[in-house]
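*Asks:* These are the residues of each chain, in order.
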Amino acid sequence: MSAVETLDISPVGRVEGDLDVRVDIQDGVVTNAWTHAELFRGFEVILRDKDPQAGLVVTPRACGICGASHLSSAAWALDTAWGSTVPRNAILARNLGQIVETIQSLPRHHYGLFMIDFTNQNYMNSPFFEEAVKRYSPFTGTSYEAGVTISGRPVEIYALLGGQWPHSSYMVPGGVMCAPTLTDVTRAWSILEHFRRNWIEPLWLGCSMERYEEIQSYDDFMAWLDEKPEHANSDLGLYWRMGEEIGLTNYGRGHGKFVSWGYLPHEDKYNNPTIEGRQAAVLMKSGVYDGATDSHKVMDQVFAREDTMHAWYEEGGEAHPFDRTTNPIAKNPVDIDGKYSWATAVRHAENGRLEAGPLARQLIAGGDHGEDWQHTDPLILDMYRKMDGPSILLRHFARMHELCKLYRQSERILREFRLNDEWYIKPTEKDGQGWGATEAARGALCHWIDIRNGKIHNYQMIAPTTWNVGPRASDGERGPIEEALIGTPIKNTADPVEVGHVCRSYDSCLVCTVHAHDAKTGEELARFRTA
Amino acid sequence: MTTPAETGVAADAQSGGQTGAQPSAGASVAPATEAADFLEKYGVTPAQADHDTLVRMITDLLNDGLKTRTEPFPEDNKEFADILEELRGLSADQLREKLVISGWLLKPYGEDEMRCQECMYFLFHKRWCDLPELMLPAEPDWWCRLWRI
Amino acid sequence: MANLLWLQGGACSGNTMSFLNAEEPSACDLVTDFGINVLWQPSLGLELGDNVKAILEKCISGEIQLDIFVFEGSVVNAPDGTGNWNRFCGRPMKEWVRELSDAAQFVVGIGDCATYGGIPATAPNPSESQGLQFLKREHGGFLGADFTSKAGLPVINIPGCPAHPDWVTQILVAVATGRAGDLTLDEFQRPKTFFSSFTQTGCTRNMHFAYKVSTTAFGQRKGCLFYDLGCRGPMTHSPCNRILWNRVSSKTRAGMPCLGCTEPEFPFFDLAPGTVFKTQTMMGVPKDLPEGVDKKGYIKLTAAAKGAAPAWAEEDIFVV
Chain A
1 MSAVETLDIS PVGRVEGDLD VRVDIQDGVV TNAWTHAELF RGFEVILRDK DPQAGLVVTP
61 RACGICGASH LSSAAWALDT AWGSTVPRNA ILARNLGQIV ETIQSLPRHH YGLFMIDFTN
121 QNYMNSPFFE EAVKRYSPFT GTSYEAGVTI SGRPVEIYAL LGGQWPHSSY MVPGGVMCAP
181 TLTDVTRAWS ILEHFRRNWI EPLWLGCSME RYEEIQSYDD FMAWLDEKPE HANSDLGLYW
241 RMGEEIGLTN YGRGHGKFVS WGYLPHEDKY NNPTIEGRQA AVLMKSGVYD GATDSHKVMD
301 QVFAREDTMH AWYEEGGEAH PFDRTTNPIA KNPVDIDGKY SWATAVRHAE NGRLEAGPLA
361 RQLIAGGDHG EDWQHTDPLI LDMYRKMDGP SILLRHFARM HELCKLYRQS ERILREFRLN
421 DEWYIKPTEK DGQGWGATEA ARGALCHWID IRNGKIHNYQ MIAPTTWNVG PRASDGERGP
481 IEEALIGTPI KNTADPVEVG HVCRSYDSCL VCTVHAHDAK TGEELARFRT A
Chain B
1001 MTTPAETGVA ADAQSGGQTG AQPSAGASVA PATEAADFLE KYGVTPAQAD HDTLVRMITD
1061 LLNDGLKTRT EPFPEDNKEF ADILEELRGL SADQLREKLV ISGWLLKPYG EDEMRCQECM
1121 YFLFHKRWCD LPELMLPAEP DWWCRLWRI
Chain C
2001 MANLLWLQGG ACSGNTMSFL NAEEPSACDL VTDFGINVLW QPSLGLELGD NVKAILEKCI
2061 SGEIQLDIFV FEGSVVNAPD GTGNWNRFCG RPMKEWVREL SDAAQFVVGI GDCATYGGIP
2121 ATAPNPSESQ GLQFLKREHG GFLGADFTSK AGLPVINIPG CPAHPDWVTQ ILVAVATGRA
2181 GDLTLDEFQR PKTFFSSFTQ TGCTRNMHFA YKVSTTAFGQ RKGCLFYDLG CRGPMTHSPC
2241 NRILWNRVSS KTRAGMPCLG CTEPEFPFFD LAPGTVFKTQ TMMGVPKDLP EGVDKKGYIK
2301 LTAAAKGAAP AWAEEDIFVV
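Residue numbers (the working numbering), protein chains in the order written: chain A, 1 to 531; chain B, 1001 to 1149; chain C, 2001 to 2320.
None of these hints come from the bench; they were simulated from the model.
Computed from a predicted model, the values in this text were never measured in an experiment.
Idealized CB from N, CA, C, for every residue including glycine.
Do not rely on the hints blindly, as some may be mistaken.
[Stated by the list, open to error] Here are the in silico distance ranges between beta carbons for each label pair:
#	chain 1	residue 1	chain 2	residue 2	range
1	C	E2095	A	A232	46 to 52 Å
2	C	E2023	A	G454	41 to 47 Å
3	A	G487	B	K1078	57 to 63 Å
4	A	W189	C	G2090	48 to 54 Å
5	C	N2051	B	D1076	54 to 60 Å
6	A	V4	C	G2090	19 to 25 Å
7	B	D1037	A	N453	37 to 43 Å
8	B	D1064	C	Y2298	49 to 55 Å
9	C	V2319	A	W189	17 to 23 Å
10	A	T376	B	D1037	35 to 41 Å
11	C	D2102	A	T181	48 to 54 Å
12	B	D1076	C	A2304	47 to 53 Å
Given the sequences, and given the hints that come with them, work out the whole structure.
*Replies:* Written out as structure tokens, the structure is:
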């Protein structure tokens, strides 16, 4: 047995923001791992004592990638605090903004951030390597160029509603700012249609959306793959075949426990939003899925905990965000046995560390918990069971699988708009506590707001990457990405692309992770990276 | 709910904001006696009245000596919003309260002779106040303390 | 061929995301058609870890000629001026920024944070953020008021939260194709070609602005957003309504008030209670008047406009 080699990687690029990773490697395999989020801007410090609506301006700018998701959470948090009435058109318009942002994110992450690694020299002996280089080389690859360029189209629909993407604030308590006209709707239809005819069907799927939507099980998918060369050679087909060939089914497991807040409130079921009423009002259901027991249950915000044992705060054990008094330590040397990150460890009070993201959403969509009318989808859960649990391959595939469903949801919304009905009902501003949540492309996101004396007393955010990238919790349980890195084979320590695969399969977004766990005072904080 | 906007001018169902900004009937208790008084005198309540009837109701009330709160003039948008907040709790039948809270007058006000004619919310052709919390007929030489330019 | 390096400081990646929406030229066109060689970019770069560091060091030593250094995000100085809250490749990012700026032919600041400090610099500015050559309105910033890059220009600032992709790509192409000499910059070092006109220039609500018809609440189908909803379009310099966003619209067209995000004070009033989406008034008159208009003129203009307004101006105009 060879000695343990410690490798510090700074930065792991192509995750949004700065991520540093330390891994212990023995005999070419990762045996231990620590993840460190890197940038502190202090958004929650900035929000303190500001206008109650300041979150609508500031939080989309916490993250240029998930701005609609932050805006959506900020608006729903205010709605629950103020007791607004939200008209059905406004719910639909918010959902549409959320969906098109996610649809945008998909090709952008796939080509821009994820598939580039398939062109790494590590895989030069793969029979698929030549084709991967042709398609996925940065800027010049055929699919890269087509995919990255067309990724700008879906958010044109966002701009029709909110004026621009990123960084609009068109969702406000009581509804939305816009009142779309028929031409906005027809233009949105044609943008969707263009996206489908020029990318989804010819490049992404190699078949019609309708054919793809027939796939309901692992066996269906494998049959689809073999059915025609167009399927096997599509970007989705090539991903699967090359991913299997280069071993992406063999590592990146993680804890096998998952969380989703659920999202897309139903337009007729959440017009009088409350914190308690949300989970039974969302189309895409919330949940916790435990792979070990193969069991599902509904998720509730009361179970959220932030644990600071291994983060640079002096707060004792753990707290619910409403109860948290953030208290950073003055000096923060890196101590991997002690404190080593600004990110808190987010836990479920009963289930511990959970993975957030598309894989989580789709495993939860396979459960029979929740309301009868909520969306269900058996495919990814079936694959999970047949493929012996999570892997890099399945985690990223779950993301790819969401595309057609979200496309159908946006079509439905365009049909459901009643253009002559109201889009906004002016609410009365008042003090109170609120909670807003959604699912960003990369997973569970939510905001808590506490308004006192007409201004923000406390604003807390937990972003998807906070769930995934946090350090160890008090009981020593690793963060999901830390756990997923265990067992990763490293071929070349000078270019550990396998670590990149694991991290990028989570579509980590560090820009909104660290400011979500910031200082009370903002002044004594310091920030570190390892080694 | 029948609103002055629907019976008077600009039946504007397309404009969600306007509809939404209407005082909700349930937000406060409309004095039934007051609505009954209007009903007896004009055959309709303010919520049901057309433009001309509303003008008659307003002018009658003020000519009969209704004292309205012309002072203090809201110094900034915060004080302005506080007055709007008070108005938002009223039902469409609470015409008297609307006039009192807004400091309604049938003549220009102050040494600058401020009047509806120059106010932001006055729609000249409709002879109408477009402020969602008021939504009442107005005349160029009238005034209230929600005057904005 | 021009070598471009793009780094992020106190950033949200919003300018990178916006940049990827570019159409003419697209981000890929920049590489394939205009010969811009992207040495590294946080969201797009191939390399990780020490291999990124090697690129930065070669740029600084001159082994790689750094033609364009693009910086997105604020320069983070906290805590206590050390910059340790934003370290990158083993050092405070601010040290990389200093050395790379000195090595570069052109330095381009993209977005508000790089230009003025932006949202992170909002009071109490917990990260002690600065822009490259400004902190809000104050000249100087991180690099100092006298800084010029090797080509003799100060930082070229492309503010906006985010900057519009076409503002970015057009400047990059101009520099890469040798037309930097045509660039003229204003007092905030913004290219005049984009930032001399107003956000209001080209706004579809201009007629309602002229006839003094207000959008009194969100979701309406008429009116101008300046009078009640706090729109800063008449006081903000940007081409948002000349070069549309995502090809299709702009905030003011969609019904969202301009927040003035290309100006140094953004976010205005430090987001104090009562300032968000509300026009600030004093005795019934807006505190901030359209640029160059005084209160007396404004009142005269309003009286005349009200008197002259046609009947159609009182009706919905953006109808279904």
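*Asks:* For each hint, tell me whether it holds in the structure or not.
*Replies:* Going through the hints against the structure:
1. Against the hinted window of 46 to 52 Å, the Cβ-Cβ separation of E2095 of chain C and A232 of chain A comes to about 50 Å, which satisfies the hint.
2. Take E2023 of chain C and G454 of chain A: their Cβ atoms lie about 43 Å apart, and the range 41 to 47 Å holds.
3. Between G487 of chain A and K1078 of chain B the beta carbon distance is about 60 Å. The supplied range of 57 to 63 Å therefore holds.
4. Restraint check, W189 of chain A to G2090 of chain C: a C-beta distance of roughly 50 Å satisfies the suggested window 48 to 54 Å.
5. For N2051 of chain C and D1076 of chain B, the hinted distance range of 54 to 60 Å is satisfied, since their beta carbons lie about 57 Å from each other.
6. Range check, V4 of chain A to G2090 of chain C: Cβ separation about 22 Å, and the 19 to 25 Å hint holds.
7. The hinted range of 37 to 43 Å is satisfied by D1037 of chain B and N453 of chain A, whose Cβ atoms lie roughly 40 Å apart.
8. Checking the proposed 49 to 55 Å range against D1064 of chain B and Y2298 of chain C shows it is violated: the Cβ atoms sit about 38 Å from each other.
9. Checking the proposed 17 to 23 Å range against V2319 of chain C and W189 of chain A shows it holds: the Cβ atoms sit about 19 Å from each other.
10. Hint check: T376 of chain A to D1037 of chain B, Cβ distance near 59 Å, so the stated range 35 to 41 Å is violated.
11. Restraint check, D2102 of chain C to T181 of chain A: a C-beta distance of roughly 52 Å satisfies the suggested window 48 to 54 Å.
12. For D1076 of chain B and A2304 of chain C, the Cβ-Cβ distance of about 26 Å falls outside the hinted range of 47 to 53 Å, so the restraint is violated.
The structure shown violates the earlier hints numbered 8, 10, 12.
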